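Using the hints, put the two standalone chains together into the complex.
Sequence lines, in order, name chains X and L.
Mapped onto the UniProt record's numbering, the consecutive letters of the first sequence carry residue numbers 1 to 394.
Mapped onto the UniProt record's numbering, the consecutive letters of the second sequence carry residue numbers 1 to 596.
Since the hints were made in silico from the structure, they are not lab data.
Misleading hints may appear alongside valid ones.
To be verified - Derived contacts from chain L toward chain X, CB cut-off under 8 Å, selection only:
#1 LEU93
#2 ALA95
#3 CYS104
#4 ILE127
Note that the coordinates shown come from a computational prediction; the quantities given were computed from them, not determined experimentally.
The beta carbon of each residue, even a glycine, is placed where N, CA and C say it ideally should be.
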Amino acid sequence: MANSHQLKRVDFIFRNENDWEKVLSNTIKKTPRDLINELISSELKGRGGAGFPTGLKWKLTSEAESDEKYVICNADEGEPGTFKDREILSRVPYKVFTAMAICGYITGAREGFIYLRGEYKFLKEELEKVIDEFDYYCREIKLDFKIKVFMGSGAYICGEETALMESMEGKRGEPRNKPPFPTQAGYQGKPTVINNVETLVHTFTIFKYGAKKFYDLGVQYSRGTKLFSVSGDTPKPGIYELELGMSLQDFVYEFGDGDTKAVQVGGASGFLVPRKKFKDAAIGFKGKLTGISLPTGGSMMLFNSSRSMFNVLDNYLEFFREESCGQCTPCRVGCQQLLLGIKAVKRGDKPAAYLDKLLRLTETMQYTAKCGLGQSVANSFSSIVENFREEMIY
Amino acid sequence: MSKKVNITINGYPVEIKAGETILEAAESEGIKIPTLCYHKDLCVAGNCRVCVVEVVGQKRLSAACATPCEDGMEILTNSLKVRNSRKQIIELLLAEHNADCTKCYRNGNCELQTLASEYKIMTQEFIELVPLKKFSIDMYSPSIMKDDSKCIRCQRCVRTCAELQGVNALTVAHKGDQMKITTFFEKAMRDVVCTNCGQCVNHCPTGALVEKNYIEEVWEAIANPNLHVIVQTAPAVRVGLGEELGMEPGESVTGKMVAALKRLGFDSVLDTDFTADLTIIEEGTELLTRLKKVLVDKDETVKLPMATSCSPGWIKYVEHMYPEYLKHLSTCKSPQQMFGALAKTYYAKARNLEPDKIVSVSIMPCTAKKYEAYRPEMHDSGYRDVDYVLTTRELAILIKQAGLDFKKLEPAKFDRLMGESTGAAVIFGATGGVMEAALRTAYEIVTGRDVPFENLDITPVRGIDGVREASVKIENPVEEWAFLDGVELKCAVAHGLINAKSVMDAVKSGEANYHFIEFMACPGGCLGGGGQPIPTNAEIRQKRAEAIYAEDRGLPIRKSHENPEIHKLYKDFLKEPLGEVSHHLLHTKYTKRERY
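Bound-form chain L, shown alone (with noise of 0.2 Å):
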C-alpha cells in the first residue's frame, strides 16, 4: 500500500496514500470533516451523511467516511452545496431528535449537540417529530438507561455490540419511518443477552445510551451525618478521569483524584488495588490447588484451564453463552466486590463502625458493575457489600459539581486500612493485567524467585492483540509444588468479547490447552471500559495502557503478595488463602441463564 495518489483538497494538492478515504486524506491535512456515524473502532456505515463532501465532476455528494480517494480527484469540502447539504441533514436530524438538551445527561458531550452548535442552527422550519411517536424509556437494568427519543439510528451502538463484542443484544428493526434500535422482541435491555458492559454507551454520539447514575444517592449519602461513606476507586479510573476534566489522555491522576475525593467528603478514600492484591492471592492459590488436583490428585471435578472473572461483563456473557463452562470460572469475586465484603466485615471491626451504618461507594471504569453490586449473591456481608457504583464519568460529574479546580489539586494518599496497593494491582487496569500479576506470584509462590522476565515485566501478554498467548516453564520448584518441575503453564489473555468468544470455542473444540486464560469483557481492558471518558478508541486506550504500566514502574511494590497491607489482613481477619473466611466473604457462584 505504499503507493501514492494525488488529489486536491478544497484546491491545495495533496498527495497520499493509495485506499485512505476522503474522511482520512482530510483529517491528516488538518481538515475536519464532521462526522456522527464514524467511529475509529468501527467498521464504516456511512449512514448519517453529515460527512458528505462535494467531488469536482460530480453531481451527487460523497460520503467522506466511505468513499476512497482515487488519482486526481478534486475534494471539496465547504463549498455551498457542501455547507448547505450538511446543514439540511443536521436539521433532519434535530427534527428526529429529543432536543431537550438542558435536560439531557449528555448536555455537554453530545456529538449531535456540538455539530449543531457549530453549524448554528438557530430555527427548526422541519415538522418535529419526537411528539408524533411514542417513547419511554427503558430504566429497568441496573446499568443502562436507554432513550429512543434521542436515538439518531447511527447504528454506532448496534455494530459496537456485534463487532466488539459479538454479543448482539441491539440490533436494527423495523423500516422507514418506523426503523429504530431495539433489542430481541423489543424487550428490556435487562430481560435480554446483555452483558451491560456499557460499550454501546461509550459509542453511543447522543443520550440515547446512559449510564444510569447514582449521583444524587451518594451526595445524599455524604450529607448523611450518621453515615459512614467510604470509596474505593478500580485501577482504571485514575489512567482516564482527567480526560473528563480537561486533561489530555495517558495523565495519570491517581493522587488529585484521592485529594478530590476527600474534598467530596467521603469519609475514607480506599483503593480497589487493595483488593485487587488480594484477588491475586486467592486467584494465584486457587489455580495452584486446581493445577495439583488435576494433576497430582487426578480429580476430574476440577476444571482446567481456569478463567478468571474480575470482569463482570465477561461473567454475564459465560452465563448467557457458555453455561456449561461456569465451573472453569475462578471462585474469586471481583476486586470491587471483595472490598465490598471486606468493608462492612474486616473494615467495620477494624474501625469500630457499625456494618449498617457504612455506605460502600465504588468508582468503576464499568457499567457491568453496577449490575454486579446489585446481583443477588453479592450480600455476604450480611448488607449489599458495594451500595452504589459510580463510572469515572459521574465522578468527574461530582467534581465538577463540587466546583473543584481539579488541575490545580495537590496529590493526596489512599486513606488506611485498605488503601494499600502495588504495581501488580494498577496492571488490572490493561488488559493482559491480571495474568501478569498472577504470574508475578505465582511464580514466585511455587519456584521461589522472581518470573524469569526482565524487570518483572511480562511483556508477552502486554499489548493489543485481540488474543496473545505467553508459556512459562516451572523448574526448580520448592518442595511443595514439586509436581509441577518441569510444566509449562500455559496461558492466554483475551479482551473485548467478540475474542472471548474465539478462545472460548477453541477451547470447547480442544484446540486450545491452556492452564489460565485472562479474560476482559472491553476492549483493552478496563482502561477501555464502557464507564470511561467519552470518547475512547484505540489510540486513546493506548494511551491509557502506557499510563498503568507507568505507574506499575513507579511503584515500590510490584508483586501483590508483598503488599504488606495484606498481610495484615490474612493474619488478623482471614488467616489463609482459600480458608473459611475468604470462601464465606471472597468468593462466589455463578448462574447459568438462557440466551433469549
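For reference, chain X alone in the conformation it holds in the complex (with noise of 0.2 Å):
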C-alpha cells in the first residue's frame, strides 16, 4: 500500500511535560473557535476505534443551545485486547484533565465526568488526588470547570457512549436510538462531548505543540500517533506509541514471533488478517477489508501457527453472547446462534453450509443491530471464517 510506512515510534503520550497548568493556562486565552479550528486542522479523529472527527464533535457540542453541558472520558476501556487506557490514567492523568478542562472552556461544559472501568478501581483514589490539585489549579486561574469519577460497574457495553451515559443516570446500561447524538443529546439529555481517553491526550499535544505537529504524523486519512496494546504469541508485549499509518507486514516483522499465523487487528470486534494478508493491510481509518486499512482501538493480539482460529472465533463468541445487552433481537439472539452454530458444525451437527446462513446473519446483525456492539460482531466473525473455513468445520 502507497501509505504504508516502516514502524515509526513515538513519544508524545507518556512523556512526562509538568507544565500542564501552562498549557492549560495559555491555550484558554485563545478564543473557542480558533481552538476549534486548530483541532479541526489536525485531523484527529477518534481514538476508542470508530474514528470521528474530534473537531467536529467539540464543534456540533460547542454549537448546541443549552445551559448545562458535559464532557465526558470514556475510560471504561473494556475491548479484550485493550489496556493502554489504564497506563495513561496512572502515568499522565492530567494531560486527560488539562484537556477535558480546555474542551469545557470550547464547548462551554462546567462538569466533567471520568467513567472509569469497574476493574479499574484501584486507579480511583490517585485519580481523585489528582483530580483535587487540578481542581485547586482552575480554581486559581477562575476557570469554571469541575471533573469527577464516576465508577462502572463492569458490562462492557458501557464503554458504548450512550449506554454509558444510560448508566450514569442510574439507569440500565442499554444503548440509545441515534439520532440524537450526545452533541445534541448526551448526558442527562444535554449536549455532550464524550471521547475515549486517549483521544483527549491527543489534544494535549495538539494544544500544546500545535495541530502541524500532529498533522505531519501519520498518513493521508490517519494522522498522528496510536497507542496500541500488543498481546498474544509475541516476545514483547506491551504497549508502544506508533505513527499511524504502518503495513501490519511491518508491524509483524517487528513483534511476531517469526510464526505468526494471523493478527487480530481491534480486539474481538476487530478484524482477523492471515498472514497472507499482511502486507496489503495498513493500520489507520478509512477504506475496508481488502485493500486493506483498519480502524482500531489499539488491540492487537498476535496469534502463531499454535492457535486454532476455532478456538478463537469460540472465545469472541462466547464474550458477545455475554456481553451483548441483550435488549436488540440481533445481538442477542445472532449472538447466541453464530456460537451454538459454529459449535454445531464443528461437532458435524450442522453441514459445513451451515456457515454460509451464519455469515448471512452477520451482514444482518451489521445492518440491523441497535449500536457498534451487534454490528461489529461481522467483522471478527466474517474474517475468521472465510479465511479459516477449514478450521471451523474440521
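Here you go:
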C-alpha cells in the first residue's frame, strides 16, 4: 500500500510534561473558535475505535444551545486485548484532565466525568488526588470546571457512549436510539462531548505543540500517532505509541515471534488478518478490509501456528453472547446463534454450508443491530470464517 | 411544527411534517411497516428491529420507529436488503420463542405469529434456544400468568409498568443471552408490588403475559344442573366486547352481549351497573357524612379527601405505596363485590335459592378483579362472594366456543332482580364516570336540584387528560345539609397509576386540598382495562369512551338514586345507606402491604 511506511516509534503520550498548568492557562487565552479550528486542522479522529473526527464533535457540541453541557472521558476500557487507557490514567492523568477542561472551555461545559471501568477501581483514589490538585488550579485561574470520577460496574456495553450515559443516569446500560447524538442530547439529555481517554491526550499534544506537529505524523486520513496494546504470541507484549499508517507486515516483523499466523486488529470487535494479507493491510482509518486499512482501538493480538482459529472465534463469541446488553434482537439472539452454530458445525450436527447461513446472519446483524457492539460482531466472525473456513469444519 | 419536509417512500414523493418518524410517515401514506416493540401508548424503544428500512445511501438499515425523517430522505420499506434482514430477525425471534402456537393462549392473536405468517417463515434453520434454557411458568397469581419461554424481550410490559403505571413491578435483568424480564429478586408476580392491573398483559405482543383464565371452571358450573349460575357484566365490557368479535371499536353491544350470555346457559344475566348505582348511593352518602364529620363535628379521625375504591388495581397500589392513606379510601366495596355479596344473600333470598348452590360469575374489563374476588375479606355473604371473574377477552372466547354468530344476535334485556341500571352506572366505565355519577346524586341530595351542568353532563371531569379537576359550589342546600352552603366541593380525577401517583404526592405534600378524588388504575378508566380487547390504545380508548357517553345519553334514567331496583333493595333489605346491613355486606377494610 502506497501510504504504508516503516514502523515509527513516537513518544508523545507518556512524555512526562510538568507544564500542564501553563498549557491550560495559555490555551484558554485563545478563542474557542480558534481552538476548534486548530483541532479540526489536526484531523484527529477518535481513538476509541470508531474514528469520528474529534474537532467536529467539539464544534457540534459548542454550537448546541443549552445552559448545561458535559464532557465525559470514556475510560470504560473493555475491548479484549486493550490496556492502554489504564496506563494513561496511571501515568499522565493530568493531561486527560487538562484536555477535558479545555474542552469545557470551548464547548461551555462546566462539568466533566471520568467514566472509569469497574475493574479499574484501584486507580480511583490516585485519580481523585490529582483531580483535587487540578481543581485547585482551575479555581486559581478562575476556570469554572469540575471533574468527577464515575465508577462503571463491569459491563462491556457501557463503553458504548449512550449506554454509558444511561448507566451514569442510574439506568440500565442499554444503548439509545440515534439520532439524537450526544452532541445534541447526551448525558441528562444535554449536549455532551464524550471522548476516549487517548483521544483527549492527543488534544493535549495538539494544544501544546500545535496541530501541524500532529498532522505531520501518520498518513493521509490517519494523522498522528496511536497507542497499541500488543499481546498474544509475541516476545514483547506491551503498549507502544506508533505513527498511524504502518503496514501489518512491518508490525509483525517487529512484534511477531517468527511464526505469526494471523493478527486480530481491534480486539474482539475488530478484524482478523491472515498471514497472506499482512502486506496489503495498513493500520489506520478509512477503507475496507480488502485493500486494506484497519481502524482500531489499539488492540493487536498476534496468533502463531499453534493456535486454533476455531477456539479464537469461539472465545470471542462467548464474550459477545455474554456482553451484549440483550435489548435488540439481532445482537442478543444473533450472538447466541453464531456461537451455537459454529459449535454445531464443528460437531457435525450442522453441514458446513450452515456457515454461509451464519455469514448472512452477521450481515443482518451489521445492518440492523442497534449499536456498534452488534454491528461489529460481523467483523471478527466473517474475517475468521472466511479465512480459516477449514479450521471451522475439521 | 408546521414545517414540512419532502421525502420519498419507495420512490413516491411525500410531504410530511418535520419531526415525524419514518414509521409515522409511512403509516400516513398507507404503508405498513411491521413492528413488535413499538406501541402507541409507550415511548419508542427501537429494540426488536423488525421495522428496519433502508435509507438510500446508508449502509446500515434504520429502525423506522426511532428514526426521524430528514429532508430529501429516500426510504425503501421493502427492498431486498430490508426483506432479507427483516425475515432473518423474525427467524431469530422464533428461534428464541417457545413457538408451540397451537397450545398457546394467544394463538390467533399474537403479533409474532402474525408476522411469521406474513413473512411465510416455513422452516427453522436456526438452533432453537428454548430447549437449552430452563423456563418455568409463574402461575401463582390469581390474575396474571407469566411464561418467559414466550417472551421476545420487547420490553413493552416493562415500559407499560413504568410509564403508564409507575409501578415498576416488571423490569429487565441480566444481559446478553441471560437477559430477561423479571420482578424484584425474581419473585413470583404474586409476591411483589404488582397491582394486577393487567396493563402488561394488554400490551404484550405474545403469550408471555396472559390473564389467568377460568373458562373451563365456568363451563363446568354452567353444565352442572344443581348449580344456579348467575353472571354480572361490568359497564366497560359492553363497549369493548364487540372488538373481539369482529366489530369496530366504539360499538356498544349491550343487548347482544346479554343475548349471548343467555345462550351460553347462565341462569340469570344481571348487571354490575346495578351495583354501580348502589355504590353511588353508599359512597355518595359516605362522602357527605365525612364532610359533615369534618366540617361540623371537627372529627379528626375522619379523613378527607375521600378517594374512590372501585378500582382494585388502585386499591392494591395504595396498600403498597401509600399505606398511611388507607383511611382516605372509601370503605365501599367495588360494584363487583357489592354484587357478589348481595347475590348470595339478597338475591338468594328473593329467588328462594340456597346460597351454596349459587355460582357467581363476573365479566370484567379487568384482571385485578380476579385478585379482588380472591381476597379473604370478600366472603361477607358467608361464601366466596364472587366465584369466577372472566375478562372481556375470556367472554369472547366463551362466545366463540359456543359457536354464536354474535353480530346476528337479537339484542336482549338483563334479567331482574339486580339487572336494572342507569346512565350514571354506565359511565363508571370511563375515567371521571364515578365522579360524575356521584356528583349527580350527591348534589341532588344536598340541594334538591339537578347538578348545574347542561343535560347532567359534567364535562369538566370527562376527557383524557391524566389528571382533571372540577369544583362545584353548593348553594341553597336543603335544611339537613345547611352547613354545606357556600362550600366549594373540590374534586379531582386521575387515571393510570402514574397519574394517581402525582395526585397522591400532591395530597401528601399538602399542595392539593380536594374533598373527593376518583382514581382508576388503568388509562382511560375501565374501558382501557387490562382485561379489554387487545390492542388497546388512545384512539381505541377514545372510541370506547364515546360509546359509553352515548349509552348514558340514551338511557331514560341517568341518576343512580332514581334506579327503582335500588329503591326496592333499600326498602326490602338494606333499609338505609350506611346502615347495619350495608356495613356488613357492602363495606370493606384495607390492608397495609410492604413495598418489597
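For each hint, the structure was consulted:
1. LEU93: This interface hint holds because 6 Å falls under the 8 Å limit.
2. ALA95: Holds, about 6 Å.
3. CYS104: Cβ of CYS104 (chain L) sits 20 Å from chain X, so the hint is violated.
4. ILE127: holds (5 Å)
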